[in-house]
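**Q** Add chain B with the ligands to chain A, keeping to what the hints say.
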Amino acid sequence: MALQLPAWWKIDPTAPFELGPRRLPGRIWTASGCFAYGLTGHDFAAPGFASPYEGLGAVVTKTVTPAPRAGNPMPRLAETACGAINSIGLENVGFDRFCDEVLPELERRGVPTVASLAATRPAEFGTMAARLHRVAGGFAHWHGVEVNLSCPNVAEGGHDFGRDPATVAECVAAARAELPDRALLAKLTPNITDITELSGAAINAGADAVSAINTVLGLEVDLTTGQPVLPRRFGGYSGPAVLPIALAKVDEIVQKTGGKVVGVGGIATATDALKFFALGAVAVQVGTAQMRDPFAAARIARELRPG
Amino acid sequence: MLRLEAAVPEFSPVPTVSTTAAFLANVRESAGLIRLDVSLARPVPFAAGQFAMVNLAGEHSLVFSRPFSILSATEERMSFLYRVVGRGTAALAGLRAGQELTILGPLGRPFPGPGAVGGKPVVLIAGGVGLPPLHNWLTRHGRPGDLGFFGGRDGQDIPWQLLDERWQISVDERTDIPAGREAWPGRVADFAARHAALQGAQPRVVFSCGPIPMLKAVAELAAARGWACHVSLEEHMGCGYGACKGCVVPVVDDGGAGWRNATCCVEGPVFSADEIRWDRYGKPAVPLPTIEG
Ligand SMILES: Cc1cc2nc3c(=O)[nH]c(=O)nc-3n(C[C@H](O)[C@H](O)[C@H](O)COP(=O)(O)OP(=O)(O)OC[C@H]3O[C@@H](n4cnc5c(N)ncnc54)[C@H](O)[C@@H]3O)c2cc1C
Ligand SMILES: Cc1cc2nc3c(=O)[nH]c(=O)nc-3n(C[C@H](O)[C@H](O)[C@H](O)COP(=O)(O)O)c2cc1C
Ligand code: FES
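Protein chains in written order, with our numbering: chain A, 1 to 307; chain B, 1 to 293.
One chain only, chain A, in its complex shape:
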């Protein structure tokens, strides 16, 4: 059944738009960590689609850290009634392999890319951004960086790091200084009383937009053992259950900070995505739903094309 688009919706989300110094090919993106490095699934088929990338504005790649990480112990996922709790622990190939192997392959395949980066010291964001600029500055399909200041699964850095507005500003400023011609986004945690302190700090430090939200701190209990399902006890809650939380955070940011926002959290359908756009988001990201359906973001992009 085709979605009846509301009268106010005039934008073609598969048309290019400006974000800071860069033109991105569209407004429907996949969220970091839910579509790997954007290389898996490239030749999957679905009726009516050329590929899972059709109409996508960007694949935000899995967060990479300066050194590779093996991630957290299994199990890493706990499904709940309306969402999922993950504790992947930022398993990633490391920044070197990302630069040497992943980014060139994405470029070769023409996948629009935003690179997600995490680090434990603000200066490292500058070092990584500078290397990206050197390695991929001439790439047509690498559009920007999302600094992940919010993943709740790592001990060092991560959480508390991204809750301190001054540190957020430092990280953003360090990356900005090395990214003259690419979009810079700061991904924020919702696990804080006032997210606008973070968004304000990020925008003032030079971010072109903030991505909101990362996962909400959550826990699931296995009643047979009486223990949390995840060995690390807590994980990041995502999926349909967090949609209203994400909408509230996006609204707060738009209303109070005035900065640009990329909406993330709980989007599974075109209707969900429209709610973020209604609140003023410039783009949206699809996370957990992309894990269930590699064509989720492509389907949403297609449904939201007016006319």
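For the record, the hints were derived by calculation from the structure and aren't laboratory data.
All figures in this text were calculated on a predicted structure; none of them were measured in a lab.
Treat the hints with caution; some may be incorrect.
So the derived label-pair ranges between C-beta atoms look like this [said to hold, decoys possible]:
1) A:Lys-10 with B:Arg-28: 32 to 42 angstroms
2) A:Pro-6 with B:Thr-139: 50 to 60 angstroms
3) A:Asp-222 with B:Gly-94: 35 to 45 angstroms
4) A:Phe-17 with B:Arg-42: 27 to 37 angstroms
Rough simulated footprint, nothing fancy, chain B against chain A, three-plus residues with beta-carbon under 8 angstroms [said to hold, decoys possible]:
5) 67–74
6) 80–91
7) 280–294
Backbone N, C-alpha and C fix where the C-beta goes; we use that ideal spot for every residue, glycine too.
**A** The following block gives chain B with the ligands in isolation, referenced to the frame of chain A:
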């Protein structure tokens, strides 16, 4: 191709398809095992050992699809064999005629094909819901000399209709064995190890799928005889196609640590038994720091 990202492994005869399917029937094959038959909107050709991510379509869909090995398929139909263990499998058991499902498949690395076993007879050892991939292999590729072993709790636990004379059956308790059928007492790996047909110098290849303790026992059996062994692992899966890293298993690695995380859904679910670091299986991948979050 990036090793961590092998999207559609080189053996795969066809790309993975995202399609819908309509529920046809749930057929009870034993006290605990149900065969799910669906009619496919598009054909999903697959190799024995590959799996599909299955979900309910539309508003009833689960947050994550569930991985199931493919028992059999034609151009129009596909069958799975499952046990109800939680929310997802309970939802499958409650399906009504015509209800729509989503299928993403085929996924993962299959068992070696008949051309890749060096002409050696194949021994297939299955426990419980580990039957589908091996049943499919034997049905499609089995030659005289290939032999299946299936282990269950008791006679009620055995899908007798599915298991023809090529399958040897073992049970923990010898109760409810139908007239004219045989079942040996004991664990399936022990049964296979002692089976007359497997004595002697004939080199063989072993395929196995079932609970981890069983797979370990089978791997030891094969190693003791110097036989190649391939096992299919059931890890928890979020996406089934390499997108989330929610399904890792420890495998041997030449690097300093001696092991690395393999992505079960893409690099597996079938692994060579000597690739797996059994000693690390189920152990924390990193020391657990006492932190929150
Ligand atoms: C490659 C592969 C092939 C499989 N083939 C079969 C099959 O042919 N028949 C069959 O009955 N089962 C099979 N399984 C296991 C099956 O996926 C689980 O039994 C099922 O996901 C349980 O879902 P649930 O909602 O009923 O249980 P719940 O425990 O409520 O599930 C909660 C979560 O845990 C995951 N989960 C729970 N148990 C398992 C498990 N053993 N393996 C993987 N994930 C699990 C679920 O996917 C879900 O995300 C297979 C698993 C894998 C990885
Ligand atoms: C399995 C999984 C892994 C994730 N990994 C990352 C990550 O590496 N970096 C990041 O910034 N966010 C990560 N996220 C968070 C998502 O990008 C997204 O912000 C969050 O899940 C909310 O959106 P959703 O409800 O659409 O999933 C991950 C989420 C999931 C479910
Ligand atoms: S289940 Fe997501 S990577 Fe394997």
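**Q** At a Cβ distance under 8 angstroms, does chain B reach at least three residues of the stretch 67–74 of chain A?
**A** holds (count 5)
**Q** Apply the coverage criterion to the stretch 80–91 of chain A and chain B: a residue qualifies when its Cβ sits closer than 8 angstroms to a Cβ of the chain, and three qualifying residues are needed.
**A** With 8 residues in contact (Cβ-Cβ under 8 angstroms with chain B), the coverage given for the stretch 80–91 of chain A holds.
**Q** Test coverage of the stretch 280–294 of chain A by chain B using CB-CB distances below 8 angstroms; three residues minimum.
**A** Result for this restraint: holds, n = 6.
**Q** Indicate whether the distance between the beta carbons of A:Lys-10 and B:Arg-28 respects the range 32 to 42 angstroms.
**A** Violated, at about 55 angstroms.
**Q** Is it true that the C-beta distance of A:Phe-17 to B:Arg-42 lies inside 27 to 37 angstroms, as the hint says?
**A** This hint holds: roughly 35 angstroms between Cβ atoms.
**Q** Evaluate the given range 50 to 60 angstroms for the C-beta pair formed by A:Pro-6 and B:Thr-139.
**A** Holds, at about 53 angstroms.
**Q** Does 35 to 45 angstroms hold as the CB distance between A:Asp-222 and B:Gly-94, or does it fail?
**A** Taking Cβ atoms as reference, A:Asp-222 and B:Gly-94 lie about 23 angstroms apart, which means the hint is violated.
The structure is inconsistent with the numbered hints 1 and 3, although it conforms to all the rest.
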